[in-house]
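For chain G, the structure is supplied; the task is to place chain B on it using the hints.
Chains as they are written, first to last, in this note's numbering: chain G, 1 to 241; chain B, 1001 to 1241.
I should point out that these hints are in silico values taken from the structure, not numbers from a laboratory.
This structure is a prediction, so every number in the text was calculated from the model and none was measured.
A hint or two may mislead.
Said to hold, decoys possible - Just the calculated beta-carbon pair ranges, DEER-fashion:
id : chain 1 : residue 1 : chain 2 : residue 2 : range
1  : G       : Glu177    : B       : Gln1171   : 36 to 46 Å
2  : B       : Gln1171   : G       : Arg99     : 41 to 51 Å
3  : G       : Val27     : B       : Ser1207   : 47 to 57 Å
4  : B       : Gln1122   : G       : Met97     : 57 to 67 Å
5  : B       : Ile1238   : G       : Gly57     : 45 to 55 Å
6  : B       : Asn1235   : G       : Gly57     : 24 to 34 Å
Unchecked claim - Partial pick of chain B residues on the chain G-facing surface, computed with a CB cut under 8 Å:
id : residue
7  : Asn1073
8  : Ser1077
9  : Ile1181
Note that beta-carbon positions come from the ideal geometry of N, C-alpha and C, so glycine has one too.
Number of protein chains: 2
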Amino acid sequence: MNQLTIGVLGGMGTYATIHFFEQYAHVFNAEKEWERPRIIIDNRCTMPSRVRAFLYGERREQLVEEMIESIENLVKSGATKVVLACNTSHLFIPEIMTRIPQYIDSIVNIIEVCAKKVIDDQIKEVFLIGSEGTIESRIYQNILESQGIRCVVPQKEQYTNLRKCIESVKQNEYSDEIREIFLSLINEHTACILGCTELPILYEKYSAGVNCEYIYDPLFLVLNQLKEEFINEKNINIRSI
Amino acid sequence: MNQLTIGVLGGMGTYATIHFFEQYAHVFNAEKEWERPRIIIDNRCTMPSRVRAFLYGERREQLVEEMIESIENLVKSGATKVVLACNTSHLFIPEIMTRIPQYIDSIVNIIEVCAKKVIDDQIKEVFLIGSEGTIESRIYQNILESQGIRCVVPQKEQYTNLRKCIESVKQNEYSDEIREIFLSLINEHTACILGCTELPILYEKYSAGVNCEYIYDPLFLVLNQLKEEFINEKNINIRSI
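Bound-form chain G, shown alone (with noise of 0.2 Å):
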């Protein structure tokens, strides 16, 4: 038996790390606490900025070193799924696997998982909010695009605008005009992908105010994901008893 414990590289940034483990109790409800798996969670918000690592190659070694040690540290302490809690930071993982080649089968790709949903419910056309980092990378069209969904992204004029909403979570300070931004840029569409970690607490608070039809928040899906395996690997376990 391989009992799952998640293990979470998070701190970018600290609400959105909070923000995923309340999900996590609520995904994983329980009457007793032993029933949930065990949590891990590194809220290394110290780490250099990944957006800033991507576009400018900013104190990009040390990011990925201290991601590597965290990665490493996680599954020593007994993580056998590991989610990087920021979208953005899915971009270092070619190279990090590179690296740490034996930790592969370990993370859970959030990006992946949630492009996956998006085909499985054969949406033909998403719109993508993010970082620029994630945007400009298009870690998410590419997968998209294969499957011939039509992935649309801001202007670059509204990239001031998405780092306000980003940005508001990050100091925990919210206002009607990240009311207006955010709805305005997510009740365009019919299909939205909540690309960066803040952005679903956004989502949360704002949800009277939501017309989007399909919201695609990836930690979340990936945490259905891992209690569907939970659940099944448990009743793999009674099975064989």
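What follows is chain B alone, placed relative to chain G:
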């Protein structure tokens, strides 16, 4: 420079640990992510019951071994201070310390921090609520009474009600009955120690009905102490540049 990284042995229970994570973000409020200290949380909700291990010796050895393993993992992963996010778990610290004495300075004893604050506030009489394990062990009473502070505890008949309060948080299910029980417990006194990490959640939820003047939340006090040390350390580093 030995920059603060907080390690947390949590999951005892999960909602109490989430609450601690939220309190951390609040206490270490920051305009920029990296201004906060890193925090690593092992939400090991699968551990045996601390109360049953203390009262009946049930799975005691397994509990102590898992606590030691998690503390070691946290320190090896970078934690400079380790917080056990459960009052009852402190009953096993003497045993743990005989087995990993090298970590004695890393562990922040939340019970000692809390008792020190009660002493500093020159409180003459304080009411203690918590798990049966914490109350019966006299861990708080011994420290406080040695300083001439009277520590009043609930009657044995009230244990069932106390357990209901703690369980309601663990299951994230609240009711008017819980509100009444909790308020009737703490409003009989002018000073109260919330000696179980689930109880501060009830305190926040029902604070409008609280008359008790001095409320002691051990984890919140620990976070404030760590923040003070964090700021002093930063100032020393700035002065030494």
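How the hints compare with the structure:
1. G:Glu177 <-> B:Gln1171: 36 to 46 Å: holds, 38 Å
2. B:Gln1171 <-> G:Arg99: 41 to 51 Å: holds, 43 Å
3. G:Val27 <-> B:Ser1207: 47 to 57 Å: The hinted range 47 to 57 Å is violated for G:Val27 and B:Ser1207, with Cβ atoms some 29 Å apart.
4. B:Gln1122 <-> G:Met97: 57 to 67 Å: Holds, since B:Gln1122 and G:Met97 (Cβ atoms, about 59 Å apart) stay within the stated range.
5. B:Ile1238 <-> G:Gly57: 45 to 55 Å: Because 29 Å falls outside the window, the suggested range is violated.
6. B:Asn1235 <-> G:Gly57: 24 to 34 Å: For B:Asn1235 and G:Gly57 the Cβ distance comes to about 33 Å; the hint holds.
7. Asn1073: With a minimum Cβ separation of about 4 Å from chain G (threshold 8 Å), the hint on B:Asn1073 holds.
8. Ser1077: With a closest approach of 4 Å, the B:Ser1077 hint holds.
9. Ile1181: violated, 20 Å
In this structure, the hints that do not hold are numbers 3, 5, 9, in rising order.
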